[in-house]
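Take these sequences, add in the hints, and give me the full structure.
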Amino acid sequence: MNDEYYMRKALALARKGLGKTSPNPIVGAVIVKRGKIIGQGYHRCFGGPHAEIEAINDAKGNINGATLYVTLEPCCHVGKKTPPCLDTVLKYDLKRVVIGTIDPNPQVNGISVKALKKKGIETKVGVLEEECRKLNEAYFKYIQTGMPFVTLKFAQTLDGRIATLTGDSKWISSEKSLEWAHRLRSQHDAVMVGVGTVLKDDPQLTVRLTRGRNPVRVVADSRLRTPLGAQILKKQEIAPTIIATTKRADLEKQIAIKALGVEVLVLPEDREGEVNLSELLRSLGQRNISSILVEGGATTITSFVRQGLVDKLVIIIAPKILGKGLETVGDLGIREVSRSFKLTFDKAYRKGEDLVIEAKV
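Each residue of the sequence shown is one higher than the last, beginning at 1370 in the working numbering.
30 Å max Cα-Cα, derived DSSO-like pairs, lysine-lysine:
1) Lys1503 to Lys1545
2) Lys1429 to Lys1385
3) Lys1405 to Lys1483
Here are the simulated distance ranges between beta carbons:
4) Arg1580 to Gln1600: 13 to 23 Å
5) Leu1387 to Lys1545: 17 to 27 Å
6) Leu1629 to Arg1465: 50 to 60 Å
7) Arg1719 to Thr1668: 28 to 38 Å
8) Lys1460 to Lys1569: 54 to 64 Å
Derived from the structure by calculation, the hints contain no laboratory data.
Where is the CB? At the ideal position from N, CA and C, for every residue including glycine.
Here it is, written out as structure tokens:
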């Protein structure tokens, strides 16, 4: 077996932590001795033991002389909940440590690699590095910029419509797609819509069709038009809500919403008088929100695209044609093809009868 084989095992373990470890990264680890896996583990949840510790605790027999495979460089700093993994790893006489990718956190960023080599442990970095980095794309952006990773998700017909001319949009995508979309919610720290979606659909924005945690619910509402009886203002104990507004919002309405246990975040306006989305993302990052799923509607989708705030798109395409209807993305002010919003297709697969395309900016 080669290093890539065992690193793939570690990656598979790491994926089990999706949506559970933020703002920490998701990490998997495997311990191999004499060609056999004797221990394995992954970072199960924020505040819990890290992957390396899980693998060491799981090990059958003495791990001295073994090889540790880990998807991300072991931490060497005292975190909010756990001690540094490096200290524990260095207690053993490991033969090798194979690392998928360096941790960009300035408190780590190659320091652990140097410490391992200083002890005389053969240390290899960069095995399946692209896959390891992609696995933690949200963590990498958050730790380097302080801003959450933005995934823009929408369901549309084959001809690019998210609703009919009358506004009917239930249900464009299939049941399988809806279930999968709820799983996607559970893997993000926050889910966001514009106030237009709240007024039209009164969504709960919780995870119901699959198991998983509820993300923080965020509404961009520059004039604070969200009704006090809206679903998104309920169940704060299981799914907290942040309403992002501007100084134009009615003060009494702010007080009434805050009385429901909802955070009202007053932010600067953009040039159109709407909530400044860059400031909103920065504020969410300060609240340890490292990833956000933007679900619409059309105005919000268009604003994120126009302002270049999108990191990834997830597009569910239903095998339906509406003709005239509400466009998914509105006017971006583009008059030449050469100035188009360029994407790179990453994945394409089926969910029920629908086609799902993942693309990177």
